[in-house]
Amino acid sequence: MTMREAISSFVHDGDTVALEGFTHLIPTAAGHEIIRQGRRDLTVVRMTADIVVDQMLAAGCVTRLVSSFVGNSSAGSLGELRRRIEKADPEPLVFEEYSHYGMICRYLAGAQRLPFYPLRSYGGSDLSSVNDGLRKVTSPYPGPDGEPEQVYVVPPVNPDVTIIHAQRADRSGNTQIWGLTGVQAEAVYAADKAVVVVEEIVDDEVVRSDPNRTVIPAHAVDAVVACPRGAHPSFAQGYYDRDNAFYRAWSGISKDREQLQAWLKEWVYDTADHAEYVSKLGEEFWNSLAVGEALSLPVNYGRRL
Amino acid sequence: MTMREAISSFVHDGDTVALEGFTHLIPTAAGHEIIRQGRRDLTVVRMTADIVVDQMLAAGCVTRLVSSFVGNSSAGSLGELRRRIEKADPEPLVFEEYSHYGMICRYLAGAQRLPFYPLRSYGGSDLSSVNDGLRKVTSPYPGPDGEPEQVYVVPPVNPDVTIIHAQRADRSGNTQIWGLTGVQAEAVYAADKAVVVVEEIVDDEVVRSDPNRTVIPAHAVDAVVACPRGAHPSFAQGYYDRDNAFYRAWSGISKDREQLQAWLKEWVYDTADHAEYVSKLGEEFWNSLAVGEALSLPVNYGRRL
Amino acid sequence: MSTETTVNTEMTSSERLSVVASRELAGRRTVFAGIGLPTLAASLAHLTVAPRLEIVYESGVCGAHPSHLPETIADAVLITGAEAVLSMPALFGYVLQGGHIDVGFLGAAQIDKWGNLNTSVIGDWDAPKVRLPGSGGAVEVMANSREVFVVMRRHDPRSFTEKLDFCTTPGPDRALEEGVRPLGTGVTRVITELGILAREGVGEELKLVAVHPGVTVDQVRENTGWDLAVADTVETVQPPSAEELRLLREDVDPDRVYLR
Amino acid sequence: MSTETTVNTEMTSSERLSVVASRELAGRRTVFAGIGLPTLAASLAHLTVAPRLEIVYESGVCGAHPSHLPETIADAVLITGAEAVLSMPALFGYVLQGGHIDVGFLGAAQIDKWGNLNTSVIGDWDAPKVRLPGSGGAVEVMANSREVFVVMRRHDPRSFTEKLDFCTTPGPDRALEEGVRPLGTGVTRVITELGILAREGVGEELKLVAVHPGVTVDQVRENTGWDLAVADTVETVQPPSAEELRLLREDVDPDRVYLR
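Residue numbers (my numbering), protein chains in the order written: chain A, 1 to 305; chain B, 1 to 305; chain C, 1 to 260; chain D, 1 to 260.
Just to be clear, a hint being listed does not mean it is correct.
Subject to a maximum C-alpha distance of 35 Å in a straight line, what follows is the list of computed DSBU-like cross-link-like pairs (lysine-lysine) [stated by the list, open to error]:
#1 K265/B - K207/C
#2 K265/A - K255/A
#3 K207/D - K255/A
#4 K255/A - K280/A
#5 K280/A - K265/A
#6 K129/C - K207/C
#7 K163/C - K207/C
#8 K87/A - K129/D
#9 K265/A - K193/A
#10 K255/B - K280/B
#11 K129/C - K265/B
#12 K163/D - K87/A
#13 K136/B - K193/A
#14 K129/C - K136/B
#15 K265/A - K207/D
#16 K255/B - K129/C
#17 K255/A - K129/D
#18 K255/A - K136/A
#19 K163/D - K255/A
#20 K163/C - K87/B
#21 K129/D - K136/A
#22 K129/C - K87/B
#23 K255/B - K87/B
#24 K193/A - K280/A
#25 K265/A - K87/A
#26 K280/B - K193/B
#27 K265/B - K193/B
#28 K193/A - K136/A
#29 K207/C - K136/B
#30 K255/B - K163/C
#31 K136/A - K255/B
#32 K136/A - K136/B
#33 K163/D - K136/A
#34 K87/A - K136/A
#35 K265/B - K255/B
The set of hints was computed from the structure by calculation and includes no laboratory data.
Start from the sequences, fold in the hints, and give me the full structure.
Next comes the structure, spelled out in C-alpha cells:
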C-alpha cells in the first residue's frame, strides 16, 4: 500500500491517532502525508511530542494532544506548540498532560483491554488537578503496614489508528525492529487499526529466520507501507543516523510562524510524497547520515534432523 | 559460580522459589541440585508444574505449590503430585491454583512492585472460592454502558529467588534467550535474588553484538551458572531437542512410589552433579537429541562513520 | 501410499472429529489451539475452508511453518521458521485478552449446558478423587476469544453433566451473574463422537444441532447428563469427503502421529 | 593535547558541576541519567569512585559502550555494542518502578525546599507564560529511584522557590500527604553553581551543606527563594583535581561536546 492510500484509508477527520517511536523511528513521513491530505480535528497521542507534532499543529490538523513531553528533544522549543498553548494562537489546543510511564500504562491498558492500569506515580503531583484521567484505586490487599494501600491508575487509550515506523516487515505485516523498540508493540495492539511504515519490505525468509525479532505479528497490522528514510529527521538504527542539525534548526524555524509555514510549503505541501522530499534533500545530504556496518552474530534456532 | 554454590547461597529452607520456563528451558538441573542439598519446606512457584516439580515433591522439598497447570505436559499424570493432593500421601500439599494469565499477572505485579494486577479472567469461576488471592476491584472509570465496572485482580508474587535456564549469558549476567522466552524476564525481576543457569557463558562481544537479544540485563542477575544440558528432559532451542520418550515414561515411573524413589536415587542422589547425570545418559543418547543448524540472518546495528 | 489406498482405510474417530471441527472454522482468521485434534482441525481448515487461518499457540508462537508435525504446543519445530514468537505477557495480554482470537479450542473433563468447564478435579477440590491439571490458559481462552469450540471425544453423562464438580472455566453467563463483563460469547460449538451441540450466545444453552450418520437424537439425549435441548431440525453431519481425508492423511499428519 | 595543557585550561562551570556530581556517586551501582551533565558525572564516576556503575538510559539502554559521546539518550551509538536494550514497558515497569535504580538524575525549572519539581509551566497551567516540556519520565524517576540528585546550573530565587508554579514531580512528602506510598526517599542532593544542598529523607527539608570556593553562605541564602536551612558545618567543596579534570577532558568528553 502507498502512504497516500494508507493515510486516506485509515486516518479520518476527528480520529484519535497515535504516532509512536521514542526518538528512534519517528513516523515523520506519515505525519507529513496527514498534513498533505489536510486532516482536521485530530487527537494526537504521542509520548514525546516533538518536531512532527509541531508541524501537524502548524498545519491545523490537531485540536487535542495527549503527551508526556512537549519539546524539541534536548535541542530547544516547539514554536507552534508554545503559541497554541501559551496564547491560543491561532487557536487553542486541548492538552492532556501525563508522565512517560503514565502514557506507557495507558497503552498497556489499551493493548490488554483493561479498564485501567495501576502505577506508582502521581502521588502528590499537581498533574491530577489538571488531568481528570489520573484517579486512585484502593488495593484489595493490605499494604506493607497492614493498612489499605492506595495507588494511582490511568485509563486505557485505544486510538482509532496507530502509526509506527520500523526497519522492516514482510508483505503480510510481520514487523521487525531492532535497537530501541520503545512502546510500539503496545501502541499497535491498543489501536483499532495499525499502519506500519518500513524502511524496506523483505522476503518472508528474512523474517522467519529470526522470529524473536518480530515485535509485531501480522495479525495486529492492517497496512504495510514501504517508505525509505521516512523517519527523518530521527534515525533508523543500521539504516541512517539522526539529523541533529535539523533538530537544532527547528527551534529557530518554528519560532517564527511565517518561517514555519514557508518550511511546510517547501518540504511538505510542495512535495508530492516522501520520495520527492528524500530526493530534494539530495544524495550528499544522505551520505552525511550514512552508517557503517555492525552486524549481529547469528544464533541457531535449530533444525530437526 | 557452580550450581552447588548457587543453590547453597540462594535457596534456603522455607524459601519461596520460582522455577520458570514454559516447556522450553526448564531449570531441571537446578531442581535436582535442590533435591541433592535436601532443602525443606519450600514454596514452589511455577506456571506449569511438571516433571521437575513432581521430583522435588517426591524428595520432600516442597510444602506449598503455586501453579496454573499440574500435569506431565500432554504426556500424562504426575504420580507424586496426585498422591500428595488426592490422599495427603505421604503428607499434604498446600496448593494455590491459578490460571496461566493469573500467574503471569502475579509476576507482572511482582516485577513492577504493584500492589495488584488486573485481568479479565475469573468472573464466575469457582477458583475464587478456593483461592483467596483472587479479588475484585471496581474501576474508577465508567464501563462501556456507563455503569461501574468490576474486574478481578491478583496479588504480586515476589519470590525469594527465581531460577531460570537460558541459552547463554556473559560473565556479568546479561542473559540471552531465543525461541520461547515465556515469562522468564518477569519472574526474574519479581524476585529478590535471581540465578540464571545457562548452556554456555559467552564472551562479552557475543552478547553486545545483539543487545535486543538480551532478555535479562546483568543488574537483575545475582549468579550465573554454566550447566550444559541442564534443561533436560525439556529442550534448549538450537542446542538439543526435547526428550519426549522420558516425558512419556514419567507417568509410569511416578505412578509407583518405589519406582520414583529408585529413579531419584539413581539419577539425582547418586550423581554428584549434573555433569555426571549428563555423562551417565551417554553420548549416543545425546546424539539422538541433537539438532541441525538454522541460523538467524544478521541485522545491522550500524556504526558511526 | 496412493490416494486410493489412503481413502479406503477405515476412518478413525480422530479423523471424523478433525474434519467436522475444520469445517466450523470456515472464514476464520485466528485460532488459539492446543496440540492434537484442534491443530489437526485448524491445519485442515487452512487447506480447505479458511485459507487465511493463523494458529496462535499458547507458548507464544504465531504463524508457525513447522518442518514436522509438532508434538507439543512448544515443539522446537514450531519455533524455527515461525513468523513471530511472543513472550507470555504479550501473548496472553495483547493477543488473547487484547481480543485478537476468533476461535479458541478447549477440552474438558466436564461440561455443563451453558458451556462452563471443569478441568480441575473430580470430587471435592479440597480432597479430590482425581486431581486434573487445572486451567492452564483455559480461563483466559474462554473469557477472551470471540467464540470457543470444545472437542470432547467422550460423550457420556459423566462428562456432559447437570452440575460440574468444580467450575474452572466459566462461560459468560456465570461471569455476568457475578457482575464481571466477559469479552467473548463463550462456547458456541461442542463437537463429540455423537454429534454437534451449538449455542448462539449469552443466555442460551447448548442445543443438539447435528448427529453423525447412524446416531439418533435419543442416543445423544441418553448420553447427556442434563435434559438436552434439541434444534427444530437436527442435521446429519456430512461424512468426511475423500478430499478432506486425503489432505488430513497425506498433508497434515502423514506420519499419523495423532490419527492413530 | 598534552595533559599539561588540558589541566591548565580554565575550568568551566560544566566541568565543576560534573566533577562534584561524580563524587556523590561513590559506590553506587545503577544511575538513571539524561544526556549532558548527568552522563558526564556518571561516566567520570565510573572511572573514579564507582567502578561498577551502570548508566541506565530512559530510552531503554543498559550497559552502553558507545564509540562516540552520545548526543541524546537515544543516540544510535548507545545502542550498538550495548549489553541490553529494553522496551519502554520493561524499562519503566521492571527496572525503574521495580526498584533497580540507586540514583536518578533530574533537572527542573523550579525546585522547592522539599525537593518537589516543576517542569511543566511558568505561570498558570491553563494559560501559562511559558510552556515547558513537562514530566517526561521525571515523575517516575522521583517516585522510584532510591534517591534523586538534582543538578541546577542556575541558582536564583526564581528557580529555588518557596512555592512552585506547578508541581509536576512530587517528592515523597507530598505523596504521603495524599496517602500514596512512595518507594524512594526523593531528592537527597542538589548541586548548583553555588554549592550543594542536601536532604536525608522524608520529613526533612533541603539544607546547605557545602559551598564552592569563594562562595559565601549569605550569597547562597540570597539566591534561594525560601528561608534556607544551613548545616552546622558548611564544607567548602574540594575543587576538581588535576586527575579528575584530565579524565573528564581526555576520556569522557574529548571533543568537548558538553564541556563547552
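Exercise. Of the numbered hints stated previously, which ones are contradicted by the structure, given in increasing order?
Worked result: Result: hints 1, 3, 15, 18, 31 break, sorted rising.
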